[in-house]
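Protein chains in written order, with the working numbering: chain G, 83 to 560; chain C, 1377 to 1511.
Take these hints with a grain of salt, some might be off.
Unchecked claim - Estimated spans, in silico, between C-beta atoms of each pair:
1) Glu1495/C - Thr165/G: 49 to 55 Å
2) Pro441/G - Gly1463/C: 31 to 37 Å
3) Gln415/G - Asp1460/C: 50 to 56 Å
4) Glu1495/C - Asp263/G: 33 to 39 Å
5) Glu1499/C - Arg115/G: 52 to 58 Å
Because the hints were derived from the structure by calculation, they are not lab data. Virtual Cβ for every residue (Gly too), placed ideally from N, Cα, C.
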Amino acid sequence: MLEGINTVGDLEWEVPIGYVPNMRVPGRFFLSRTLAETLEEGAIRQLANVATLPGIVKYSLAMPDIHWGYGFPIGGVAAFDRTEGVISPGGVGFDINCGVRLITTPLTEADLAGKKRELIERLFSAVPTGVGGKSAMRVSNKDLSAVLVDGARWAVERGLGTAADLVRCEEEGAMPGADPDAVSAKARQRGVPQLGTLGAGNHFLEVQVAREIVNPEAAKVFGISEGQVCFMVHCGSRGFGHQVATDYIQTLEGALGKYRIEIPDRQLACAPLESPEGRAYYGGMVCAANYAWANRQVIMHEARKVFAELFEIEYDEMRLIYDVAHNVAKFEQHEVDGTTKEVCVHRKGATRAFGPGVPGIPREYAAVGQPVIIPGSMGTPSFLLHGTTAAMQKTFGSTCHGAGRVLSRSKAKKTVHGKELREHLAGEGILVRAHSDSALAEEAPEVYKPSREVVRVVHEAGLSKIVARLEPLGVIKG
Amino acid sequence: MSFEELDHTADVLVRVRGATIAELFAEAGRALFHVMYGPCEDRGIDRQVTLEAENLETLLIDFLSELLFITDVENTVFCTFNVDIQGTRLSAALKGEPFDPARHSGGSLIKGISYFGLEIVKEEESYVVEIIFDI
């Protein structure tokens, strides 16, 4: 482990006050000794920098997929006091409400025999992907205003899904507090043509099989069984969210002097939660979060249509298990020093993992805790877990969001050849469809921490518990 | 003068050099489009950009953010950047081509320009800046 960091438990570490100047609280992170071998000092410094922000409560936290980002580390979680705390776009990221949803089908792997390539090709045709990918939907500026407030509900009201889908979404697919007036004309211009598009980078639509059920009782509650074919959608708020983030980093950076906030990194630009600038960012961020839920809803709808036509199954037989956000800031109730407090929890590359009985999760899942969906990198397993009481106590109800990178994109391009990778994965029965092979190299399995190890850490630390392991059968990428 | 990609685990870190501040900005623009789209040619698309900011670092971030906005909504890819900077006021003439999925799909989508560690430094014969593009 890096110098200056203290052990708290087998998988838990503390960054003491003083690691960087002006820390208000210690840092805490969760990591195995294996994962510690690739831990970057820069990521820990960023974790410590977050601890200097006004109104931070208890700890600056990071999950085992921690890595060096900008502002907050990726995998960072921090909660801020409602009256004394701040909100920071650098604690959410450019891709506001990047997230994941998991859908089951009534099919087994055998049902896909001889049709898998056609399925992947049809999905690739149905869902716009990649840099420059534009939607076939006609969305007016007025429609967009409704999307920003109603989120996934906007899509369902237009027949692009069912009422049951909304219940099985974090925030029921639309966070309250959206303020369309806080969104710039530029963000709107970017948002209109991109609704229903996957985007690029690590975003994907993957066909998977539930290979192993680890917790049969929880699996039954979530409605997933061994051998079942599923699909997973991973994407966010596209250019709309990127623009909202860009606009407000600039605004909040400009307001630092006004509120006499000193920060060690300009990317941590922030404003008091109760200030006009802080409120405006929150209202705009909620718009982007709702846009992302509508986006994933539309993509799921298109994918369901492809499955229904190709396999002659009913649309309603494809059940959304859950949809989680992993880049967002939210007002939540948490226990702090023995009393329940309202705090603004920032999760940047971290997933909410509310435990059993916590308000805000679907009633049908209340006894188990919310579903947590952790996507693997290309070619590696993804996991379905459930939230826990321990997460409520230790991490403001949060867990990891994915594997976390270990190799830079430039090194990946030098060591991995996209075409060879695609052929190698095809040899393992995983079909990959993307616009370009070189983009694949950047997302090769070896550039990420092993998803199994990251998930093992959160499972053993109790931040969420494994329900099922899903393996990829085919994927479309940007 | 030039730009080069350095190692960064999560995102893309580029080091850009220019003999003048104007050239530094032009190279930063070229780096951004190179990362996003790969090869680009001048095929008759012209665009003007004018911006003003409080300091040069903020001006650079605003300029690159404006380029991200333009490419996203106008579907254009730029390769030539004639930049003029007076104080902290920028005017730039951009030349490029329409986005072509067949030729421009090999790069990485940039979500935003990070303020993290961004500082324009004067070295002996050139200006240097390191910029993180969020991917």
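Against the structure, the hints come out as follows:
no.: 1; hint: Glu1495/C - Thr165/G: 49 to 55 Å; result: violated, 35 Å
no.: 2; hint: Pro441/G - Gly1463/C: 31 to 37 Å; result: violated, 55 Å
no.: 3; hint: Gln415/G - Asp1460/C: 50 to 56 Å; result: holds, 54 Å
no.: 4; hint: Glu1495/C - Asp263/G: 33 to 39 Å; result: holds, 35 Å
no.: 5; hint: Glu1499/C - Arg115/G: 52 to 58 Å; result: violated, 41 Å
In summary, the numbered hints that this structure violates are 1, 2 and 5.
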